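Please model the complete structure; the sequences and the hints are all you need to start from.
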Amino acid sequence: MISKTFSLGEIADKVGGEVLGDGGCMICGIASIDEASAGQISFVGNKKYAAMVAASGASAVIVGRDFDVSAAGSCSLVVCDRPNTAFATVVSLFAPPAVAFQPGVHPSAVVSESAVVGDGCHVGACAVIGDRTVVGDKTVVGAGTVLGSDVVIGRGCLLYPNVSIRERCVVGDRVIVHCGTVIGSDGFGFEAGPEGIVKIPQVGIVQVDDDVEIGANCTIDRARFGRTWLKRGVKIDNLVQVAHNVEVGEFSMLIGQSGVAGSAKIGRGVIVAAQAGVNGHIRIGDGAQVAGTSGVLKDLPPGARVAGTPAEPQKEFMTRFLLPKTVEKLRDRVAALEKIIRES
Amino acid sequence: MISKTFSLGEIADKVGGEVLGDGGCMICGIASIDEASAGQISFVGNKKYAAMVAASGASAVIVGRDFDVSAAGSCSLVVCDRPNTAFATVVSLFAPPAVAFQPGVHPSAVVSESAVVGDGCHVGACAVIGDRTVVGDKTVVGAGTVLGSDVVIGRGCLLYPNVSIRERCVVGDRVIVHCGTVIGSDGFGFEAGPEGIVKIPQVGIVQVDDDVEIGANCTIDRARFGRTWLKRGVKIDNLVQVAHNVEVGEFSMLIGQSGVAGSAKIGRGVIVAAQAGVNGHIRIGDGAQVAGTSGVLKDLPPGARVAGTPAEPQKEFMTRFLLPKTVEKLRDRVAALEKIIRES
Amino acid sequence: MISKTFSLGEIADKVGGEVLGDGGCMICGIASIDEASAGQISFVGNKKYAAMVAASGASAVIVGRDFDVSAAGSCSLVVCDRPNTAFATVVSLFAPPAVAFQPGVHPSAVVSESAVVGDGCHVGACAVIGDRTVVGDKTVVGAGTVLGSDVVIGRGCLLYPNVSIRERCVVGDRVIVHCGTVIGSDGFGFEAGPEGIVKIPQVGIVQVDDDVEIGANCTIDRARFGRTWLKRGVKIDNLVQVAHNVEVGEFSMLIGQSGVAGSAKIGRGVIVAAQAGVNGHIRIGDGAQVAGTSGVLKDLPPGARVAGTPAEPQKEFMTRFLLPKTVEKLRDRVAALEKIIRES
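Just so you know, the protein sequences line up as chains B, V and Y, in that order. Residue numbers for the first sequence follow our numbering, so the first one is 373 and each next one is one higher. Residue numbers for the second sequence follow our numbering, so the first one is 373 and each next one is one higher. Residue numbers for the third sequence follow our numbering, so the first one is 373 and each next one is one higher.
No lab work stands behind these hints, which were simulated from the structure alone. You may find that some hints are simply not true.
Stated by the list, open to error - When the alpha-carbon atoms are kept at most 25 Å apart in a straight line, the in silico BS3-like pairs for lysine-lysine are as follows:
1) V/LYS701 - V/LYS711
2) V/LYS687 - Y/LYS697
3) B/LYS697 - V/LYS701
4) B/LYS687 - B/LYS701
5) Y/LYS697 - B/LYS701
6) V/LYS687 - Y/LYS701
7) V/LYS571 - Y/LYS419
8) Y/LYS419 - V/LYS670
9) B/LYS697 - Y/LYS687
10) V/LYS419 - B/LYS670
11) B/LYS687 - B/LYS697
12) V/LYS420 - B/LYS571
13) Y/LYS419 - Y/LYS386
14) B/LYS711 - Y/LYS711
15) B/LYS711 - V/LYS701
16) Y/LYS697 - V/LYS701
17) V/LYS701 - B/LYS687
18) Y/LYS386 - V/LYS637
As the list claims (entries may be wrong) - Non-contacting residues of chain B with respect to chain V, defined by C-beta distances greater than 12 Å in every case (computed):
19) GLU390
20) ASP406
21) ARG437
22) ARG454
23) GLY552
All values derive from a computational prediction rather than experimental measurement. From the three backbone atoms N, C-alpha and C, an ideal C-beta is built for every residue, glycine too.
Next up, the structure:
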């Protein structure tokens, strides 16, 4: 690997920031604030770490405009508007080159004669593409990934290895799907009938719009009929469950191990944090935020902030959390009253 | 795709229901109650949506016998015993044909010479079948699915792509396993010994009985010894964990992201709702229902209804949920007493 | 299958225990204490089951030195220091032979010309090994497993089928990875910018040290930069999420469906129980234990025992759990006071 070096001044230019300190200092790598050593640059994107700058071994640290520069100790600083984004730029300066997926269909891949694979696509080893499936230009189909029949995948997508996408699902442009994720598995639908439990056919599809990213080992079930729908820009973390007929609005995020039950409708810009659950057949208003591990049982208005199970507004959740202390104080007051009564 | 059309009368006949309204009306598709438009039929299987019938754009709605027909507005109705099942029938009338898995072993599949693949089986591209493994007649082994050695799979099963079933596991007839699921991974067993943590061998199997369905990306661990056992008709949703030596009784359901710890025994007809957990070495009685996100720590009697962590009966859970209000009222009463005492 | 038989005396010798009862009794199999019948041996490794010995159909039971031998009924006993470990030894006496992975690269596997596969490796059917990837001696790469480019895998590893390990990740010696697990997927990193949500490149790696075991369908994200790090001897159960830049200390355990958010640092010998969650950017001290389903929001000191969400010490959690009863009693006292006041 060829190592790269940039002066601090060059780095500041690339991120639109100003140097406080030695702009000629040579930087040859990146590290987190607590692990950085001489020659490395780090950043503080979270106030929690601000106090660590002075103690850091980094030669320089990227900070926001609200950073108290007197707290920098001997560290050089690059001051800029958005330290997190700036650091991402710096990371890419030093990063190893991204994997180059060469255009072409690997000889071990199995592509149906009736499938259409666009220009510049990479189809990896042992990938399988079903009948009449269409893959847009410059899309990557990773090794071992299986696309069923009549699937439509857009342009510039990145389907990592061992993904499964079942029949008739529709995926937009620039969609990223991480390893092991399943799109279009049957929704969980059964009904107790006179002859036992009967499977309800799940004949709908999953529709994934442009610029969606889905993490590893997620499951996005196909609709009972119609569609399960991830709208433009939705971002999903790992091991997330999206049940049949769910809709997730534009730019909403479902964080690791969260789950959304059948037919729930999640608005735009919603955040469902890690391990939280959303009940079936409810509506989550635009911009609502569900705290980690919560279970939302009822509709939420736009902008709601909820926590707990059943989920309630943050303020009520805090009242509940403080209840043991509240009760303890109340007990003291009751004991005082009892004493007065006893002695009167 | 060829579009299909049926008169409302024809549809009512097929589901054993009666038309209230125009039986000659032509129906060309299905949709949910809030999305349906003219020419489409919908259904109300859940009281929650009953009020939406009058406002629906559907030409007709399938309803149960308890539906208040005066609330139908201008919508035609099909009244029947079981609207959910009836709608499933109607869905299948309009559904695209199910994927036809052609009999035969794909040339890219790798089937051991000592394996036995039954008549009419479909073995998909890049599927792998191990030594001495037996696959029953008319079973589908999806693309990329890997069956280890000495596995036994029954007749008429549907193993979707990228499933992994490890050595010696036994699967009955008509079992459905969705993409990415793992059957027979080692149970999680370690013991702290004088030389550190030692792995306890997991030499048992998983036994899956007839008519079981397992969702996508589930994990069903093999027993330490003996068997982990999913009995007849068990239905498992996505991302569910079943640990070693667990038994799940007939027709029980484990909903999305729930988990059952080692050696727990779950009775017949139990429902473990989404994201709930069942502790190891406990027994859940027949017909018990565990609410979503609950954690069950102790044995449950048959028919129990529990919620929360540690799980408690629904009534106690509700008392706990209402505790902040209870305490607030109590505080008011204490304040009133204090005032009386102060002023007396 | 050839059945094996040992005398009870032979078995006691093999586990370093003493026979109480008939050492000549022939044992031909193993079973759990409640399922064992004549000719079988079982064990009691958990006090909970001690009372079941007398009622067991087993010919013999392995017990610890603290077992009350008068409670054995007619059962022969093998008394030893560590019944759990002893039974593991006995299980292996009777177990079918472990799967023998024959050295060699299956003709259907796709191994890059620039990859290096060590001596005695087994590379299964349809496995894929990327450019410049190095696999150490005697490692097993299961069928359908995909290793990206520039991956390093140590010696004596066991990668089960359908695992995905992405570019540049580094895995030590004797590591076991179960089916369907993903190592090196992108961390979940996005930032709201002026032009919408922007993906933060995730250019780091995952480093897995020696003797780690990772269950089925887990997800271990690569670092934003630097490494996500599972240290020596870490044991991870199924469906566990480890986010970017997390560190897990030596011999710590993450139980089924638990999750650790970004940049959390977990000490040595920690246990995160089933379905629990650890917040991002916090530290969990050595030897801490997090109860199942808990959500840990703040740093924990070494040896902490916590439960609930937000997680609190066990004692406080118990106070909270008992709160409904505490409040009920308090209400009675207030009612008594009110009566006194009313009647005075």
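Taken at face value, is the distance from the CA of Y/LYS386 to the CA of Y/LYS419 at most 25 Å?
-> 23 Å, holds
Between V/LYS701 and V/LYS711, is the straight-line Cα distance small enough, at 25 Å or below?
-> 15 Å, holds
12 Å Cβ clearance of B/GLU390 from chain V | Given a closest Cβ separation of 48 Å, the condition holds.
Per the stated criterion, does the least C-beta distance between B/ASP406 and chain V lie above 12 Å, as a non-interface residue requires?
-> Since the minimum Cβ distance to chain V is about 28 Å, B/ASP406 lies beyond 12 Å and the statement holds.
For the pair supplied as a hint, B/LYS711 and Y/LYS711, confirm whether the alpha-carbon distance does not exceed 25 Å.
-> 15 Å, holds
Within 25 Å, alpha carbon to alpha carbon, are Y/LYS419 and V/LYS670?
-> 16 Å, holds
Agreement of V/LYS571 and Y/LYS419 with the hint, judged by alpha carbon distance not exceeding 25 Å | 21 Å, holds
Hinted pair Y/LYS697 and V/LYS701, Cα distance within 25 Å | Distance of about 16 Å is within 25 Å: holds.
Holds or violated: V/LYS701 to B/LYS687, with C-alpha atoms at most 25 Å apart | Given that 25 Å is the threshold and the Cα spacing comes to 18 Å, the pair holds.
Straight-line alpha-carbon gap Y/LYS386 to V/LYS637, limit 25 Å = 32 Å, violated
Keeping to a limit of 25 Å between CA atoms, is the pair of V/LYS687 and Y/LYS701 held or broken?
-> 18 Å, holds
V/LYS419 and B/LYS670: Cα distance at most 25 Å?
-> 16 Å, holds
Of the numbered hints stated above, those contradicted by the structure are hints 18 and 23, listed in ascending order.
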